[in-house]
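Protein chains in written order, with this note's numbering: chain Y, 1 to 126; chain V, 1 to 126.
These aren't lab readings, by the way, just hints derived from the structure by calculation.
Just so it is clear, the structure is predicted and the values come from calculations on it, not from any experiment.
Treat each hint with caution, since some may be false.
Only pairs whose alpha carbons sit at most 25 angstroms apart, straight line, appear in this in silico SDA-like list of lysine to any residue [to be verified]: (1) Y:LYS4 with V:PHE46; (2) Y:LYS55 with Y:SER79; (3) V:LYS90 with Y:GLN47; (4) V:LYS49 with Y:LYS55; (5) Y:LYS55 with V:LYS4.
What follows is each chain in one-letter form.
2 protein chains.
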Amino acid sequence: MGDKPIWEQIGSSFVQHYYQVFDTDRTQLGSIYTGESCLTWEGQQFQGKAAIVEKLCSLPFTKIAHSITAQDHQPTPDSCILSMVVGQLKADDDQVLGFHQTFLLKSYSNAWVCTNEIFRLALHNL
Amino acid sequence: MGDKPIWEQIGSSFVQHYYQVFDTDRTQLGSIYTGESCLTWEGQQFQGKAAIVEKLCSLPFTKIAHSITAQDHQPTPDSCILSMVVGQLKADDDQVLGFHQTFLLKSYSNAWVCTNEIFRLALHNL
C-alpha cells in the first residue's frame, strides 16, 4: 500500500474493517460511530452510535457475507475521507443482492470515525 | 417540499439539476464545480472544474438519459451535504445499466458546489 495516497489507505482499511466486523459480529460496530453520526439505511434515518448499532443488530438475518466489487476514496476540503463501495451481499439463504454504501470518515483525536453512512440495496424496477 | 429538512431540499434540488443538465448539455456542468473538486469516474480520478468537465464531455455517447431509483441526503459535521443516488441510465442504444453516484456539496459564498463526486456502473461478476 506504500504508493497509495494516505486517504486511500485509510479509506480502504476502514472499509475492510467495517465489513469484517459486520460479517462476524455486528454488535461490535459501535466503536466506529460517534453520538452525532448519521445512518440512512434503505431510506430510514438514524442518528447516534446507540441508534445506529441497534438498527444494524436488528436487521433480520443471522448470517451475512459482503463481497466488494469496487471501492473509491477521496479527500474532502474539510480533511475528511469520502468512500463509496459497490458490492454484493448474501444474507442467510437469500439470493445474492447488489448494494451500494457511502461513508464519510473524519479524524477526531487521532482516530477515524464514521460521521455519515448511507446504504441501499440495488433494487430497480426492471 | 416545505416539511423536508433544508439539507434534503438542497440535496434533491442539486441532484435534479445535475441530471437535467447532464442529459441535455453536459458541457454546461462546469458551474457546479470548483478548481479543487474531485471526480472519480469508474475508478479514474480527475481534479478541478476543467478536467472534470473535459472527462464528462468525452464520454463516448451522444444521448444519455438518467432515471433515479432512490436518493438519500444527510448533513455532515462540516455543514456539507452528502448525497447518494441509485439509478439507471441508457446511453445511445445500449442496454439499460444500473449506476451509483455520490456527491458531497459545500456552500461557498452562498452557492452550493460539488466538491466530491464518485460514479460507478453497477457491473458485478455474477
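Original post:
Holds or violated: LYS55 (chain Y) with SER79 (chain Y), Cα cutoff 25 angstroms?
Top reply: violated, 28 angstroms
Original post:
When you check the alpha-carbon spacing of LYS49 (chain V) and LYS55 (chain Y), does it fall within 25 angstroms?
Top reply: violated, 39 angstroms
Subject >> Given pair status - GLN47 (chain Y), LYS90 (chain V), alpha carbons within 25 angstroms >> reply: With a Cα-Cα distance of about 36 angstroms, the restraint between LYS90 (chain V) and GLN47 (chain Y) is violated, given a limit of 25 angstroms.
**OP:** Quickly compare the C-alpha distance for LYS55 (chain Y) and LYS4 (chain V) to 25 angstroms and report which way the hint goes.
**Re:** The hint holds at about 23 angstroms.
Original post:
Do the alpha carbons of LYS4 (chain Y) and PHE46 (chain V) lie within 25 angstroms of each other, as the hint requires?
Top reply: holds, 16 angstroms
The structure does not agree with the numbered hints 2, 3 and 4 stated previously, though it agrees with the rest.
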